[in-house]
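Same order as they appear, the protein sequences are chains A and B. Per my numbering, the very first residue in the first sequence carries number 1; after that it's consecutive. Per my numbering, the very first residue in the second sequence carries number 1; after that it's consecutive.
No lab work stands behind these hints: they were computed from the structure. For every residue, glycine included, the Cβ atom is placed at its ideal position computed from N, Cα and C. Hints should not be assumed to be uniformly reliable.
As the list claims (entries may be wrong) - When the alpha-carbon atoms are kept at most 25 Å apart in a straight line, the in silico SDA-like pairs for lysine to any residue are as follows:
1. A:Lys128 / B:Gly47
2. A:Lys161 / B:Arg43
3. B:Lys33 / B:Arg43
Stated by the list, open to error - Sample of chain A residues with no beta-carbon within 10 Å of chain B, all distances over it, derived:
4. Ser105
5. Phe166
6. Glu179
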Amino acid sequence: MSSWIVTVVYVGGMLMVMSLFSYTWRRRKAASAILVPWFPDHTTRDTYISLLQQTDPPATELQLRAALLRRAMTNVERIIKLRENRPALLSLVQKGAVGDGLWSSFQKAEQELQQDVIEVTQEAETFKKNWGQTIFHTANEMVQHEKHKEIADQIKELKEKEEKNFKKREEREKFEMAEHEKREKARKNY
Amino acid sequence: MSHNILNLVVDGDNVYCRQHHLETCKDCKYDFKQLNTLHKNLRSINGEIPPPNHINQNLSKQIVKLKEDGNNHFKTQNYNDAIKLYGLAIDMAFQRQFWEPHELTEQEVSVCLSNRSAAYISLEQWVNAYADAEWCIKIKPDFSKGYFRKGKALMGLKRYEEAVHAFEIGLEFEPTNDSLINALEEARKLAGNTDLE
Chain A
1 MSSWIVTVVY VGGMLMVMSL FSYTWRRRKA ASAILVPWFP DHTTRDTYIS LLQQTDPPAT
61 ELQLRAALLR RAMTNVERII KLRENRPALL SLVQKGAVGD GLWSSFQKAE QELQQDVIEV
121 TQEAETFKKN WGQTIFHTAN EMVQHEKHKE IADQIKELKE KEEKNFKKRE EREKFEMAEH
181 EKREKARKNY
Chain B
1 MSHNILNLVV DGDNVYCRQH HLETCKDCKY DFKQLNTLHK NLRSINGEIP PPNHINQNLS
61 KQIVKLKEDG NNHFKTQNYN DAIKLYGLAI DMAFQRQFWE PHELTEQEVS VCLSNRSAAY
121 ISLEQWVNAY ADAEWCIKIK PDFSKGYFRK GKALMGLKRY EEAVHAFEIG LEFEPTNDSL
181 INALEEARKL AGNTDLE
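Given these sequences and hints, build the entire structure.
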């Protein structure tokens, strides 16, 4: 009877010590981990706000509109990125392959982005009625236009590389052909 | 959400970093080039961005005309002239204003690129044909003809295994296309032969 009690107390005590250790350990680790921001600084937003505060000389309305559009473009790019990353990250988090910190920083980015989209829409309305409804549409077209330019540059690079490779291969083939002919000739003469 | 205030200055039409008066400043890590360019573009339309889905119909007509002229040259095997006209159409389509629908540009450009690639294939200019096909795919990844041209160009370059891969992707988008099916079969045979060597 007494040996049974001793076993229960021993195992129970061990379990308590272990869970206490695990609890404090995880809490300390979570506290020391700094949430790394998902995106770098929102420079176009900072530019817009800095331009608003300019007084000597102040920014023109068109300058502010341009700055707001660039800010909306950054938001569009970030929306696309978050949408692309979400499913992959979610499955990694569920598998436990990445830490909760990454997921928290992702969610924080989503919230901040939502907030900034609302702010941009409100700002747009101050310039012109109903601009808030179309600014993100325009921004999206602009992002896609810039993507087209990027693709054109990539193709230019690809073409140069392929042309070089093609020339190299042609020369090698010519050389091999000449070698082959030489050998054939030598064999015949022999 | 805290923001940083940038040390910038407005000077006429442009924004610069205050310290060095530069548009693109490595020391301050600022780059206002895109902002200033956009500002210039907005000035030309007085800040009035047309409503969504506003299309320059005149440009569309010109592009269609150039493409059709190119097709006529293609049919009479006048490939060099066809290539020139397709090129003009492509340049024109990329000149669409930034607020116009990008899908339209993609549609116009991908057809012209695919046709130009075909003309290059007829002239056996394989690298040019390959580059145009790749471009076409990057602009419009669901256009099966782009993969067909890419495969054909790769066959010309004797890169049969890559050609097989291109045809296979093309068939994913259009599983009953006979030219793709036949081309895949031919490419597979040639790819098999190179394996045996």
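Problem - Straight-line alpha-carbon gap Lys33 (chain B) to Arg43 (chain B), limit 25 Å - result: Holds, because 15 Å separates the two Cα atoms, which is no more than 25 Å.
Exercise for the section: Would you mind confirming whether the straight-line C-alpha gap from Lys161 (chain A) to Arg43 (chain B) stays at or under 25 Å? Expected result: violated, 40 Å
Exercise for the section: Over 10 Å to the closest beta carbon of chain B is the bar; see if Ser105 (chain A) clears it. Expected result: holds, 14 Å
Handout entry: Status of Glu179 (chain A), Cβ more than 10 Å from any chain B Cβ
Key = It holds; Glu179 (chain A) is separated from chain B by about 17 Å at its closest Cβ, greater than 10 Å.
Practice task
Could you grab the alpha-carbon distance between Lys128 (chain A) and Gly47 (chain B) and see if it respects the 25 Å cut-off?
Solution key: Satisfied, since the Cα-Cα distance of roughly 10 Å is no more than 25 Å.
Handout entry: Status of Phe166 (chain A), Cβ more than 10 Å from any chain B Cβ
Key = violated, 5 Å
Hints 2, 5, counting from the list given before, are not met by this structure.
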